[in-house]
Amino acid sequence: MKLLTFFLFPLFLFPLTSGAQNCTLSIKGNVADEGTGIPMAYGTIYVEEMKTGVASDSLGNFQLNGLCKGEYHLRFNHIGCETKTLFLSLSKDTVININMHHHSELVDEVMVHDHHSQHETAASSTISQETISEVANKDLSEMLEQMTGVSSIKSGAGVSKPVVHGLSGNRVAILNNGIAQSGQQWGNDHAPEIDPYVAEHISVVKGAGALAYPGGSLGGVVLIEPDEIENDPHLHGNVNYIFQTNGLGHTLNARLQKYDKWAAWRISATTKVIGDRSAPNYYLTNTSKREYNVAAQLVKHISSKWEMKLYYSLFNTEIAILRGSHIGNLTDLEEAIDRDVPFFTDEKFSYTVNEPRQAVQHHLLKLESNHIFNEHQSLNLKYGGQIDNRKEFDVRRLDRSNLPALSLLQWDQYLEGVYKHFFERGKQLKTGIQLRLTDNTNSAETGILPLIPDYRAYRAGAFVIFQEEQNKLLYELGARYDLNYLQVVAISTSLPREIERHYHTFHNYSASAGVRYKVLPQFKLNLNLGHVLRSPEVNELYSAGLHQGVSGIEEGNRSLKNEQSTKAVLSADWNVKQKLFVQLLGYFQYIGNFIYLQPEDEFRLTIRGAFPLFTYQQTNATIGGLDALVSYEPIESIKLVAKYSFLQGDDVSNSQPLVYMPSNNLFGSLSYSFKDGERMKNSSISINGKYVFKQTHLNANQDIAPAPEGYFLLGASIGTTFKIKNTKLRCSIAGDNLLNTVYRDYMNRQRYFSDDLGWNVSVRLNFEF
Amino acid sequence: MQIDFKFLFKIMKNAKNILWALPLFSILFFTSCEKEDPFVPNEEELITTLIYTLTPVGGGTAVEFRFQDLDGDGGTAPVITSGTLAANTSYTGILTLLNEAVSPAESISDEIAAEAEDHQFFFSTTHFTFIDGSIAYEDEDANGFPIGLLTTFAVGSVTHISLTIVLRHEPNKAALGVSIGGIDNAGGETDIEVEFDIPVQ
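Protein sequences, first through last, are from chains D and C.
Be aware that the first sequence starts at 1, since it is given in this note's numbering, and climbs by one per residue.
Be aware that the second sequence starts at 1, since it is given in this note's numbering, and climbs by one per residue.
Quick caveat, the hints were computed from the structure, so don't treat them as lab data.
As a list, the in silico DSS-like pairs of lysine-lysine whose alpha-carbon atoms are at most 25 Å apart:
{"#": "1", "chain 1": "D", "residue 1": "K561", "chain 2": "C", "residue 2": "K35"}
{"#": "2", "chain 1": "D", "residue 1": "K391", "chain 2": "C", "residue 2": "K35"}
{"#": "3", "chain 1": "D", "residue 1": "K51", "chain 2": "D", "residue 2": "K723"}
Keep in mind it's a predicted model, so treat the numbers as computed, not measured.
Using the sequences and the accompanying hints, generate a full structural model.
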């Protein structure tokens, strides 16, 4: 919400009559609901320096009198709303209009309420900073699961990737700070290398209209956006600490920021140390994790029309992989599936990260320039440089466990120029060019033939989006072209080992159209249609070798063609008297030449026994689903939320279901907010439940083990904020899987080996100054 | 190349044209050199060859069983050579593991012997019962548990044996039945699993 405050600040802050004497100045204003624009009565406006406050009247108006010339921190509160702060240098009588973030659950869900997508027709969901820091001991992808239609594909306790409307990996672009995340996206066991603490909000664009972002995102786009630095010349910061019982984990983050005269800056540092996690009945031996991250952000306003931004982040992690999931061949896998307790389960808890493990280091450097030429034209230039170093260690003979079994060094250079032109009467044109060069090199230190060959990928893209807004209607038309050129340098799988060079060129054309129509102020419809092409990635073309985790030999297919996706998303939002909110989103996607791993009727004999052969093939597929959200507030302090996601994926050419599609799920929560007290504010208690259905849309021969049963998880949380002078201390306790339910999840690849996580209680302290 | 600053300045001045400067960048971008050759890894850990040599206890001609896959997983299919055993005969079995992908070939059996506590071979046969004969371990590690590099193979009166040799890395050697060759409770991961079809005369 700070972002919005920042945004509103220059817009609504305008001086009135001058000539006021000292200590006779006033601040007048109005408080309204951000989503609906309806005035909000009985909100409190507190001036920290004066230690006094007033309440807004029944029309949302308020007035503060008798203020001296000077600097003030104002705080706005309303029951059930996120607190909003504003810094103000008062020299004249001033008028402020404040839009409060009411019904946060829903507003969080629908980014359309946020200024970011006031001008977007693609459906999207957002989670705010408050939510992020409440659950920052979890992975990025687990956080995103709170949104309807978003789930995770996991490889155990510490590794998860987001799945948007059934698609993940190469098909979901993740933009960190506006730069497409460049890592080893192809692997299901490669989590995105991002520290969620750097984000002010994280949103997922579910529609097909994400044309302004690098191509190929058939599923959706995940945007991780940092907070703008508030225009406040004082040093502010916050310290966050989370303790979790499952894994006896500690997560610590500290942030400092200041808007200095020379520039605005912020630094953030995070440390995570989590030990072996536990399932309800046993330890998950070797599932500990370490994480050390730093980020620095610098903003310099060179002139009122020119702003430069510099951002650097380092992500550093070491993740232990469940020892019992490390298998040698198909017999081992079958044996592991039949066991109740995984092999190598230790009776003792440990923080040690042993083999098998992953060590990943990711650097991101971004330089951005925002230039506003005049009220019609602006230009944004971005450079992004990334280095991703991934090493995976296996249990090996002699001292070789210290040698990685997989060692990849990837660097990525990205250059973008976006030009915007605002015409009269709400017309807007946005066009841009993006260039990207990715280089991926295997290190020979492994002593193992690489699964993915060395390659260099050159990508050039250009897009144009036109948009027009008239009273109730907003429409958008866009087109995009991408040229992908791939240079692959592979080592032959037969003897003698030879170097093979391959070249591929792909042309991708994308187009989208979207309409947003406000039927009534409280009823809104969004329709988005898009056609997007994605070219096959290097793993789909050139994988060669044994994939231990799934006990199969995977072979790439060099003749793969572009995937062609057509997706339609229709969403409707109702708001009944601010008490009932309903949001429905239906989608249907047809993907021609959908690339998937086909199990062949062939076994490949190796010295470790016979392995089934999987090859990358293409088919035609459809994915359709529904995301529903209902939020109801019978009285102001009570809120009920229900969410439901339904999804079905089919391989229409072979008349069979698609594998690894998320199960349908149902979520419900009930929360009660206490009235703000003298010292304790924002106190609330809530209880929630999640039911995940069994994935039944699957043929028995499509998996080596049947899909796990459906399960129910119970959670609860309680929290309050203590105000001590100008500082705030937020304390909260949250519990997950409180019934200690034994379950396995279809989307977790470790379900072949072990139960999922048992109960966990997190205690969180957040000190803000 | 002489940089035309005047021209650059001109295009920088005009906002719309900055966008057209980007293709110039792209030329620079796309003319970077060809991706260099990768280093072929030295596959020192690979097990390409398993040789089970059976020599009659009283002396005689040794019979050799060989599983050889020189290029590792994938590529060309492995070559399996089998021999014929005599009924009602005891053999001394020696297992040799090689990595022939490197030159000179490396002995993996030496590596196994050096890490004997973390390795165990398991032998299982069909058409083979205790009446017909047995395979017994003839070696042990520092803890007194068997390894399986050295065995005695007693062939009974059968006409055909299907023999499976399994090498487990980090098995639980103390688990029930493991020290007498039972694989069910062994755990660990499989490094080798090969099968030989053996005619018995």
